[in-house]
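Residue numbers (our numbering), protein chains in the order written: chain A, 1478 to 1898; chain B, 1478 to 1898; chain C, 1478 to 1898; chain D, 1478 to 1898.
No lab work stands behind these hints, which were simulated from the structure alone. Remember, it's a predicted structure, so these values are computed and weren't measured experimentally. Incorrect hints may appear among the rest.
Given that identical chains are not distinguished, each listed pair holds provided it fits within a single copy or across any two copies.
What the hints assert, rightly or not - Only pairs whose alpha carbons sit at most 20 Å apart, straight line, appear in this in silico EDC-like list of lysine to aspartate or glutamate:
| hint | residue 1 | residue 2 |
| --- | --- | --- |
| 1 | K1738 | E1508 |
| 2 | K1532 | D1517 |
| 3 | K1691 | D1502 |
| 4 | K1738 | E1571 |
| 5 | K1738 | E1684 |
| 6 | K1738 | D1712 |
| 7 | K1754 | D1517 |
| 8 | K1532 | E1508 |
| 9 | K1738 | D1758 |
| 10 | K1691 | D1812 |
| 11 | K1754 | E1550 |
| 12 | K1532 | D1885 |
| 13 | K1738 | D1553 |
| 14 | K1738 | D1517 |
| 15 | K1738 | E1778 |
| 16 | K1738 | E1766 |
| 17 | K1738 | E1709 |
| 18 | K1532 | D1812 |
| 19 | K1738 | E1862 |
| 20 | K1691 | E1550 |
| 21 | K1738 | D1885 |
There are 4 protein chains.
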Amino acid sequence: MKLAVVGGGSTYTPELIDGFARLRDTLPIEELVLVDPALDRLELVGGLARRIFAKQGHPGRVITTDDLDAGVEGADAVLLQLRVGGQAARNEDETWPLECGCVGQETTGAGGLAKALRTVPVVLDIAERVRRANPDAWIIDFTNPVGIVTRALLQAGHKAVGLCNVAIGFQRRFAGMLGVTPGDVHLDHVGLNHLTWETGVRLGGPEGENVLPKLLAEHGDSLADTLRMPHELLDRLGVVPSYYLRYFYAHDEVVRELGTKPSRAAEVAEMERELLKMYGDPELDEKPELLARRGGAYYSEAAVDLAASLLGGGGSTYQVVNTYNRGTLPFLPDDAVIEVQAAVGHAGASPLPVAPVDPLYAGLMANVTAYEDLALEAALRGGRERVFRALLAHPLVGQYAYAEGLTDRLIAHNREHLAWA
Amino acid sequence: MKLAVVGGGSTYTPELIDGFARLRDTLPIEELVLVDPALDRLELVGGLARRIFAKQGHPGRVITTDDLDAGVEGADAVLLQLRVGGQAARNEDETWPLECGCVGQETTGAGGLAKALRTVPVVLDIAERVRRANPDAWIIDFTNPVGIVTRALLQAGHKAVGLCNVAIGFQRRFAGMLGVTPGDVHLDHVGLNHLTWETGVRLGGPEGENVLPKLLAEHGDSLADTLRMPHELLDRLGVVPSYYLRYFYAHDEVVRELGTKPSRAAEVAEMERELLKMYGDPELDEKPELLARRGGAYYSEAAVDLAASLLGGGGSTYQVVNTYNRGTLPFLPDDAVIEVQAAVGHAGASPLPVAPVDPLYAGLMANVTAYEDLALEAALRGGRERVFRALLAHPLVGQYAYAEGLTDRLIAHNREHLAWA
Amino acid sequence: MKLAVVGGGSTYTPELIDGFARLRDTLPIEELVLVDPALDRLELVGGLARRIFAKQGHPGRVITTDDLDAGVEGADAVLLQLRVGGQAARNEDETWPLECGCVGQETTGAGGLAKALRTVPVVLDIAERVRRANPDAWIIDFTNPVGIVTRALLQAGHKAVGLCNVAIGFQRRFAGMLGVTPGDVHLDHVGLNHLTWETGVRLGGPEGENVLPKLLAEHGDSLADTLRMPHELLDRLGVVPSYYLRYFYAHDEVVRELGTKPSRAAEVAEMERELLKMYGDPELDEKPELLARRGGAYYSEAAVDLAASLLGGGGSTYQVVNTYNRGTLPFLPDDAVIEVQAAVGHAGASPLPVAPVDPLYAGLMANVTAYEDLALEAALRGGRERVFRALLAHPLVGQYAYAEGLTDRLIAHNREHLAWA
Amino acid sequence: MKLAVVGGGSTYTPELIDGFARLRDTLPIEELVLVDPALDRLELVGGLARRIFAKQGHPGRVITTDDLDAGVEGADAVLLQLRVGGQAARNEDETWPLECGCVGQETTGAGGLAKALRTVPVVLDIAERVRRANPDAWIIDFTNPVGIVTRALLQAGHKAVGLCNVAIGFQRRFAGMLGVTPGDVHLDHVGLNHLTWETGVRLGGPEGENVLPKLLAEHGDSLADTLRMPHELLDRLGVVPSYYLRYFYAHDEVVRELGTKPSRAAEVAEMERELLKMYGDPELDEKPELLARRGGAYYSEAAVDLAASLLGGGGSTYQVVNTYNRGTLPFLPDDAVIEVQAAVGHAGASPLPVAPVDPLYAGLMANVTAYEDLALEAALRGGRERVFRALLAHPLVGQYAYAEGLTDRLIAHNREHLAWA
């Protein structure tokens, strides 16, 4: 079995490698190719990857290359985890929207649109080259915004599944609270990527007992703390929204917060510098502690599980993934990409049926889906007007003057990444 | 033919009477009953109504009563145009939401929810009494929020159609611009009540030439002025949004405006006082000029046209009304109430097919429909949580803290009108 | 010795009575007259006052009357603690400014101006009648806004001193923290009423050791909690701002808070109802617990201390009062009213010298003093333009559009209390 | 007579040169030295300067150099018009404050503080070198923020006067409206640099008739348009505020505007590129039209007039300059720098007496003066806390959270220009 990781030079990668090593029975990788144009950091990351495999006795080979076509040749699955423009672009996504009084975030709102515009053409080009190299290869997309990117891949006819670590994070968290193994926790997870609600938490599987009310009663404070939402909100909704819903439920508060502290840019950049320095240490043969603070927890578990299932191996029967709606949520178009529990196998992902969704969530999903539709249009076809229309459609923008100001800034700050600008 | 007007003591009524008089060939009313609990103002309005009929040679009888059951007895159609709480309640709707930084308006946002909560139970009670008096009578609802009220009526099994004067206003305006008769102008009008867009303007009928681009090119400035939106916005969208979309497209600007000038309350109340004084003048036998500034233009034409068609007479074949979606807009539930062109006859209103709707509008419609769903729940069943949920669902609220602040205020300011509070 | 309390029917009064009883050695009152036009509540309060005196063996007589001239006849000192318009007017002060995005508060900002406009003419009329009855009587003003009201009194040539409980509250709080008696704590208290900073806390007197750094180091968290300001802010400034500075240092946060919870009106009104019910209980012969939650802590101690000194008795040598600046703060006009430590005796209050004030505070004091100048003009002479100018001058308003919106609302909500409107 | 212009490579310089040429009788320059470290652009500008002099028959020599000490050697007056960090830094000043909801402007608010911090040390170093080269030379400072920079120069004992073109702009504008020559218009101009009001417009001199009411009545609309303030505001105040007051009187409106259109950066940078290209054209021998759109109108006239007076020549008797207060405005410290009419001669500038200032303006001046005090402290001594304190003191900031967010950003965006950061 051969796996390729595009964007393999990311400082995240050791997390992934660690998972591959620990879970090698589930996903017996023979060859792992880390592909990245940034050869410098790729070598640092690749070296550590080899030492981790070695230390844990993993027999697989780790190859590093900046040649995409060679790297994906013969791969059974290709993981996409790239970041067009790097942390610098992310920093921009997080700051210029604030100038217009809008939230600055790299996956939601105007910043998320910027990231989509930078990313979709690059990912589609990569996917096309993957398909040419191996039409049967699965593409697993971690690259944000996962919903829009996955939709772009599926519309272009690729064998693709979108993956995010929000659901697995909740699963592990709830398992800890319940004192059961993660595999025993089945989430009623519904929505779009980064716009999801846990409407039930079941023991044993899709038909298991719903222990969410109990979890909220016993651990509501702790959950609210993590999500930085009022405990009362969770109690009243009776569901657990994802962290990203805070950008909606507390938008203005977040904008104010972001405006009253320094941007995360320096912080993250500093952490990356430190990590890369560590990775260069030939003594280091495990993922360092610091990496845990970098985000992306459990991402390797989720990736291994999904790849294993797609490649016909021993992954979980049901996994939360991003794939076509096809009637699962009747209030969304069939070709919307939703994030729900799906039965995953070598034929791909088939969403499980979802109980009727409260209008309180369905309305927002429909609105954001419409935005994603227009965002994808803008990403594929370019043009100032398409950017403007996507922004005007976004429920966190919605106003003409802001859409105008954001459009100008999005283009000015991303010109080098937008072929049409 | 007998017609009853519930809320007949409104200062608007002479506008309606004037239309009945002018259009008596279309709608040959034999008996017109004005029903209103406020006998004082009812007598003033009724007297003027009789004088208008007399002057124009209309043979119909005008009856005034505060007895609803007697008034609707034997009526072929009942027009609802009441305002629970009167102008005072409206003034509240327009001000307290501003305290939370949200728009104050009587049909949109938190103010619109307040009005729905006050109004739905009263309208349902009236409708039930109409049904008891005459199961075949048509109910025509002008009472705002028309979308939610009509949905309440339809869900309760009433023979009801919702009516608003936005569409007919555009029709007359465009006809004037085009130099044709209003009947020659067919609007591609789509959305929910007070959330509509004219996506096409056709000459001669549903299949006629679309002259909207020409209208925008030649009269864009004047339209933008009336709608108080930037001309550029209309050009870029290529459609004409209703005036109420300004609360969405320019929400914060409107909030600031409302906060920097006195409320409209004194103004409207003053105008009403003046009108009632005029109505008491036994020499007055036509609607006074001042009434034109009171809003509600062309409402009588729309009402006559709709009543005539519903009662099997000579109304227009196609009319813009509020009725069940039933698949017309595939992205909305079948039981949503939409505002579109419909074929109207004695069997009721059947929406015409609608061309695919731009996601830019569809997303917002879906979101507001979800709000209306929750708003109707709150209106029918009451309770603080249901109010909160409807507010949180509204795209002009959407944030927890605001929904909280608005919920408290909505209840505090409307307690006397809310049975459960 | 005879004392009159104008506004004696306030639910606060039992707090004052309790102080008079406890501190009768300092201030040996022979006759206490409670004056209030609201005879109903006055009788309830007066009855309790008599029972408190009786229980504590105070020999003084308590008289109640709604006749101001009779009540102040022969009084050595008159305390003013009235509230024109009552809690209803206060509730208005706290809400309508929010409609313009400005803080709603009864002593600061637009609400404070409204209160000044309602109050100054009433207080001046009372003072004139006091002077006629007894030209030698001292007027002690607790009525807010104390700074503006005291300035009005002094400009009109009255023997008046303004008093507030902020300083005594800090004194007691610090004494508790330091484990000393309150009399040992001397505050370097500087500013205008409700715009003050404790720049030093000295042991033993004006020349004592400054233990403020120690207090901040050891009790900063607790102080910050009470003031609802970030602990970090206190540390960085190295001073303790009064609670009212929060309306400046965290203005927008406060506006948001006020907009996301119900107004305090119902709460306070409810508490007053409850208190009055208690006061009517003939068994009650002490101030009830609940009164402590009503605000105004230590106000009786401050009043007794000040009255005792002014009447030549045994009050403290130095007290924090409101009186003419006369060069104490060189950056303010001589006729500004400031709130500082003063030597108080039967000749009145003479400010102690104040160390140079940090521009960080001096700039704000100068700005607010200019506002108070214009506010007093508006209160004395009336007129829409004067209201507008005072609002535009207030650092919490400062913008044209807000000043406009606030002017309209101030007048609309206070018309019955403004002779000129 | 020898003049040196530090920052002589500015694209503004040809405007100055043109004035020197036209007004050579008033200011007979023999040698003009343009000093600038940017030799490339200096040569372009210098070449044009020589051609302008030549064309107009001006006999003076134009010398260009990047050697400051050599350039100012023997100069009778030195004009400072530099911009530390160039247009790029200005662009930053105009954008990052918006992230905190505050106005982004290069002389006012947080952006103005940033500019002061970058500029003061550089200017003081230059002034020191001027003094060493020629202790008798006058320093004329155009460099913004002129008020703070002038205060820094005066405190360090330099022979300096601060100059701005706001007053001369009004003078010329009013003269045009009145149909008189500019010299006949005497302004009652009062305030701080970029915080001034024209409280009177007199014909013939300081004692002339005040025609401001007439000007407002006849040209109010046109003035309001230019200032982008409501005409009504001018009428109600009865004075003409400077354009910069809009950042105060309409702060939130300006923030919104800035957030809903692209930054001016690209625009100005583009204009500069174009100008420099023109300047390189050996055929060009006059200031190009485009320069008029660059701002800085009448700056050369003001500079010539001031230099002529300071050097004992034929400048106007009274000129609006920035100099020490010394009791002119009694509510400001003596060592505040104010911008008022002054008698100017070879001994320097002596403010004319100023009529009592309305508290509506005095309060704001005092507040901003306090800010300038702290800003200068921060500029001279550096340090995060001093930056924070200056920001907290600014009436356009004033809130803790914003001061925090702005402090972080100011430092992050200006690190390379701040020795201590």
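Verification of the supplied hints:
1. Proximity of K1738 and E1508 under a CA criterion of 20 Å is satisfied in neither setting, with 44 Å inside one chain copy and 51 Å between copies.
2. Taking the closest pair of Cα atoms, K1532 and D1517 never come within 20 Å of each other, the shortest separation being 23 Å inside a single copy and 60 Å across copies.
3. Proximity of K1691 and D1502 under a CA criterion of 20 Å is satisfied in neither setting, with 35 Å inside one chain copy and 62 Å between copies.
4. Proximity of K1738 to E1571 under the C-alpha cut-off of 20 Å is found in both arrangements, the shortest distances being 12 Å within a copy and 18 Å between copies.
5. In this homomeric assembly, K1738 and E1684 never come within 20 Å of each other (Cα to Cα): the closest approach is 45 Å inside a single copy and 41 Å across copies.
6. Proximity of K1738 to D1712 under the C-alpha cut-off of 20 Å is restricted to the inter-copy arrangement: shortest distance 18 Å between copies versus 30 Å within a copy.
7. Only within a single protomer do K1754 and D1517 lie at most 20 Å apart by alpha-carbon distance; the minimum there is 12 Å, versus 41 Å between protomers.
8. In this assembly of identical chains, the alpha carbons of K1532 and E1508 lie at most 20 Å apart only when taken from the same copy (17 Å versus 78 Å across copies).
9. Proximity of K1738 and D1758 under a CA criterion of 20 Å is satisfied in neither setting, with 34 Å inside one chain copy and 48 Å between copies.
10. Proximity of K1691 to D1812 under the C-alpha cut-off of 20 Å is found in neither arrangement, the shortest distances being 36 Å within a copy and 35 Å between copies.
11. Proximity of K1754 to E1550 under the C-alpha cut-off of 20 Å is found in neither arrangement, the shortest distances being 31 Å within a copy and 52 Å between copies.
12. Proximity of K1532 to D1885 under the C-alpha cut-off of 20 Å is found in neither arrangement, the shortest distances being 51 Å within a copy and 44 Å between copies.
13. In the homo-oligomer, the alpha carbons of K1738 and D1553 never lie at most 20 Å apart, since the shortest distance is 45 Å inside one protomer and 48 Å across protomers.
14. Taking CA atoms no more than 20 Å apart as the test, K1738 paired with D1517 passes in neither setting, with 32 Å inside one copy and 40 Å between copies.
15. In this homomeric assembly, K1738 and E1778 never come within 20 Å of each other (Cα to Cα): the closest approach is 34 Å inside a single copy and 43 Å across copies.
16. Taking the closest pair of Cα atoms, K1738 and E1766 never come within 20 Å of each other, the shortest separation being 26 Å inside a single copy and 43 Å across copies.
17. For the identical chains of this complex, K1738 and E1709 are inter-copy neighbours only, at 14 Å across copies versus 26 Å inside a copy, given an alpha-carbon limit of 20 Å.
18. Taking CA atoms no more than 20 Å apart as the test, K1532 paired with D1812 passes in neither setting, with 45 Å inside one copy and 62 Å between copies.
19. For a Cα distance limit of 20 Å, the shortest separation of K1738 from E1862 across copies, 15 Å, qualifies, whereas the shortest one inside one copy, 33 Å, does not.
20. In this assembly of identical chains, the alpha carbons of K1691 and E1550 never lie at most 20 Å apart, being 49 Å within a copy and 56 Å across copies at closest.
21. Taking CA atoms no more than 20 Å apart as the test, K1738 paired with D1885 passes between copies only; the shortest distance there is 7 Å, against 25 Å inside one copy.
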